[in-house]
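Trainee: Using the sequences and the accompanying hints, generate a full structural model.
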Amino acid sequence: MSKSVKDMIKRDYRTKFAGEGGPSEALVISIRGVKGTDTTRLRMGLAKKNIKITVVRNSLAKGVMEGSPLAPLADMLEGSSALAYGGESVVEVAREIVANLTKTPGLELKGAILDGQVFKGKAGVTELSKFPTKDEAIGQVVTLVVSPARKLVGAIQGPGSMLAGILKAIEGKLEKGEAIAK
Numbered sequence: 001m002s003k004s005v006k007d008m009i010k011r012d013y014r015t016k017f018a019g020e021g022g023p024s025e026a027l028v029i030s031i032r033g034v035k036g037t038d039t040t041r042l043r044m045g046l047a048k049k050n051i052k053i054t055v056v057r058n059s060l061a062k063g064v065m066e067g068s069p070l071a072p073l074a075d076m077l078e079g080s081s082a083l084a085y086g087g088e089s090v091v092e093v094a095r096e097i098v099a100n101l102t103k104t105p106g107l108e109l110k111g112a113i114l115d116g117q118v119f120k121g122k123a124g125v126t127e128l129s130k131f132p133t134k135d136e137a138i139g140q141v142v143t144l145v146v147s148p149a150r151k152l153v154g155a156i157q158g159p160g161s162m163l164a165g166i167l168k169a170i171e172g173k174l175e176k177g178e179a180i181a182k
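Reminder that position 106 of the sequence shown reads as 106 in our numbering, one-by-one numbering, no gaps.
Simulated from the structure, these hints should not be mistaken for lab results.
One thing to keep in mind: the hints can contain errors.
[To be verified] Below, a list of computed lysine to aspartate or glutamate pairs in the EDC-like style, where the Cα atoms sit at most 16 angstroms apart:
no.: 1; residue 1: Lys134; residue 2: Glu92
no.: 2; residue 1: Lys16; residue 2: Glu66
no.: 3; residue 1: Lys62; residue 2: Asp12
[To be verified] The calculated label-pair distances, taken between Cβ atoms and stated as ranges, are:
no.: 4; residue 1: Thr102; residue 2: Ser80; range: 18 to 24 angstroms
no.: 5; residue 1: Ser147; residue 2: Glu175; range: 38 to 44 angstroms
no.: 6; residue 1: Leu167; residue 2: Gln140; range: 39 to 45 angstroms
no.: 7; residue 1: Leu163; residue 2: Thr143; range: 27 to 33 angstroms
no.: 8; residue 1: Ser4; residue 2: Arg43; range: 25 to 31 angstroms
Think of the CB as a built atom: it goes at the ideal place given N, C-alpha and C, for glycine as much as any other residue.
Mentor: Structural data, given as C-alpha cells:
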C-alpha cells in the first residue's frame with residue numbers, strides 16, 4: 001500500500017475516531033468468517049439504531065488512537081478487527097452486538113471501553129451489555145431520590161387522614177346535638 005493511500009486512511013480514521021466529536025467509547029469485534037449476507041444484515045440492523053461498524057487496518061488505527069480516549073483499545077487490534085460505535089452509548093452497542101451473536105456465527109467480541117474502563121473479551125463485553133444506559137441510570141437515581149419523599153408524604157398523610165376522620169365524626173355528632181365523650 002502506498003504512503004499516500006495510508007495517509008488518506010489515517011486522515012479518515014482521525015476524522016472518525018480521534019477528531020472532535022469522535023467516539024470516546026467503542027467496541028472491538030472481529031467479523032472474520034462471517035458470511036457477507038450476515039454482515040450486511042448485522043450492519044443494516046445496527047444502522048437503524050445509529051450504530052456503525054468500521055473495519056480497520058490495525059497498524060494505522062493504533063497510530064491514530066494514540067492519545068485519544070480509544071487508546072486502550074489498541075492492544076485488542078490484532079487479526080481482523082472492526083470498531084462498533086455510535087448509538088446512545090457503548091452499552092447500547094454492546095447489547096445489540098451480544099443480541100446478534102447467535103444470529104451471526106463467527107462474530108467475535110474482543111473488548112470495549114467505557115469511560116476509560118476496559119472490558120476484555122466476550123465475558124467483558126457481555127458484562128458491559130448488562131450495565132444500565134445513561135438514561136436508565138438517571139431514571140434509577142431519580143427513583144432513589146423521590147422514594148424517601150414519597151414515603152414521607154405517605155407518613156404525614158396517614159395520621160392526618162385519621163385526624164380528619166375523627167374531626168368529621170365529632171362534627172357529625174355536634175350537628176346532631178349529641179354529647180361528645182372524652
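Trainee: Each hint: holds or not?
Mentor: Hint check results:
The straight-line distance between the Cα atoms of Lys134 and Glu92 is roughly 10 angstroms, inside the 16 angstroms bound, and the hint therefore holds. At roughly 14 angstroms between alpha-carbon atoms, Lys16 and Glu66 fall within 16 angstroms of each other, so this suggested pair holds. Taking the CA atoms of Lys62 and Asp12, the gap is about 13 angstroms. The hint holds against a cut of 16 angstroms. Checked against the given bound of 18 to 24 angstroms, the beta carbons of Thr102 and Ser80, roughly 20 angstroms apart, stay inside it.
At about 42 angstroms, the CB distance of Ser147 to Glu175 agrees with the hint of 38 to 44 angstroms. Here the CB-CB span from Leu167 to Gln140 is close to 41 angstroms, well matched to the stated 39 to 45 angstroms. Between Leu163 and Thr143 the CB atoms are about 30 angstroms apart, so this pair conforms to the stated range of 27 to 33 angstroms. Between Ser4 and Arg43, the C-beta spacing of about 28 angstroms keeps the proposed range 25 to 31 angstroms intact.
When the structure is compared with the earlier hints, no violation turns up for any of them.
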